[in-house]
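K.L.:
Sequence:
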Amino acid sequence: MIRYLNIISILLLVLSAALIFLGGLPHLIFLMPLNNESLVFHSIYASPEAITGMIFAGFGFLAIIFSIALHIRRLLANNLLFESLDDKGQIINTLRALLVATAEGNISNVRKRTKKLGSSSVPNGLSCFISAKAAEVCGDFEGAIKHYKAMLLDRDYLSLAQRGLAEQYFTITDYSRALKYAKDAINKNKSSYWAYHIIFQCHVSRTEWSKALKTLAEVEQSKYFDFKAIYRYRAALLSAEVVKLGKLKKAEEAFHAASESYKYAPDFPPAVVNYSQLLIARKEFKKAAKVIKNSWKKNPHPVYAIIYRNLLKEGEIKNKEKYFTDLIKSNPKHYETQMFKAEQFLNSGNGDNALKLLSPYLSTDGVNARVCILAANAEALRQNNLEALEWLQTAVTAPKDFNWSDISPEGIAFDYTEEEWIRLINVFGKKAEFIHPRYEKGEKTLLPISVVNSPILNKKKVTNKKLKSLFKEGKHQEEKFEILIPNGLAERLESLLEPSKKPK
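Be aware that the sequence shown starts at 94, since it is given in our numbering, and climbs by one per residue.
Just so you know, the hints here were simulated from the structure itself, not pulled from any lab data. All C-beta atoms, glycine included, are put in the ideal place defined by N, C-alpha and C. Possibly wrong hints are sitting among the right ones.
List of simulated lysine-lysine pairs, DSSO-like, C-alpha gap at most 27 Å [said to hold, decoys possible]:
(1) LYS307 <-> LYS524
(2) LYS534 <-> LYS340
(3) LYS307 <-> LYS390
Label-pair distances were calculated between CB atoms; the ranges are [said to hold, decoys possible]:
(4) PRO141 <-> ILE100: 22 to 30 Å
(5) GLU483 <-> ILE265: 51 to 59 Å
(6) GLU235 <-> ARG96: 20 to 28 Å
(7) GLU483 <-> LYS534: 25 to 33 Å
(8) LYS273 <-> GLY236: 19 to 27 Å
(9) LYS321 <-> PHE234: 31 to 39 Å
(10) LYS273 <-> LEU163: 54 to 62 Å
(11) GLU235 <-> LEU455: 52 to 60 Å
Model the full structure from these sequences, guided by the hints.
P.N.:
The following block contains the structure:
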């Protein structure tokens, strides 16, 4: 604007000079009296051009004065701006240093930078937010909550305050207050999708499976979340709900929940086990067999084989061999299928074929206890007592098969505590992964095989009562498991299984 004023003033002055030049300067008119007295002033004469030129000159001078005033004002404003920019630069540098210290976990530096930033000209809401984040890094949950509560009074920072409070209360397991602030955020803004996560996790942490399922339904309607993850979460929650309903003797509700769980995740072992067992309880044996076979094709688990054998026996289904063959063909190359075939050979007394089938798994460094015990039974059937003893000795120190470890000595699979269900729901829902708590805790498992028709010692079955007490004859769906070994080997196995005893 100043530039335009300067141009206008120059044009006015040039035009004024030209007009005065053309019209001439103004003239003073005096009158001379007849008595020869002194001249008397009469008037001033100026041509129209000169008058116009003088008017233009006046406007030109006014434009110059206004331009000078604006220029002075700009100089003063620039000086203030430079000072303001310098303050902002210091704030940005302090904030950057605070973020770096937060990332590094440097608590002393975080507190120092927060204090320095608090003394700067920062909006109160932003200052509280920064202080709350700094308190979180320092592990000061009460301090963080205090700062977030102060932000509730600032409408511009209300959503940040609600999220911060919900997350902090969830962290300190105050789920009631976490739910309150998360629900407040949703009531204020339906797009606060982070709040659904807090609400869902609060219900899961409180083992409120049904409420967590309702939250999932609301999340599903938003269409902003991964549907596959939602289905996995739902399957895991429904499986946990089946267990709860079973304890409450609500058979129909448990069956419906088990059916839904299997529908959403047919590769989730607890869902498969719950659904198939409830079908067996309803005498729907063929349908249960179909469930096991479909799940075996997707992701086999050793407990499926136990249930499969049991339902064929309990349901008095004919052509059992055809059913066994169909199960094997559904996933022929899988590790569990090979173990199932080996068990079939052992159950029929064919130790040679069983050992041949197990040999690829016995030659690896990571051979597990389950394979070792199967190999020991195969060698026992071949009357190779020393080899059988060696494999039993190896089984004592070998790592466990983590899938087989899911089965307790009593034959109960996936008998999780509430804490383990919470972990499983989150791990399977988020990552599509499975957990093995019994394996992690090194707990005892079911014996992996029942050997029958042993040809050892003139086909006489030899068992040891002391050994039975060790294995406690695991039971799963009415099926008993018993290891049969040659005479004299039981005492040596007992000494191997109890490290405090030395071999005889």
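K.L.:
None of the hints should be skipped; say for each whether it holds.
P.N.:
Tested hints:
no., hint, verdict
1, LYS307 <-> LYS524, "holds (21 Å)"
2, LYS534 <-> LYS340, "holds (25 Å)"
3, LYS307 <-> LYS390, "violated (31 Å)"
4, PRO141 <-> ILE100: 22 to 30 Å, "holds (26 Å)"
5, GLU483 <-> ILE265: 51 to 59 Å, "holds (55 Å)"
6, GLU235 <-> ARG96: 20 to 28 Å, "violated (60 Å)"
7, GLU483 <-> LYS534: 25 to 33 Å, "holds (28 Å)"
8, LYS273 <-> GLY236: 19 to 27 Å, "holds (20 Å)"
9, LYS321 <-> PHE234: 31 to 39 Å, "holds (34 Å)"
10, LYS273 <-> LEU163: 54 to 62 Å, "holds (57 Å)"
11, GLU235 <-> LEU455: 52 to 60 Å, "holds (59 Å)"
Of the numbered hints given earlier, the model fails hints 3, 6; all others are met.
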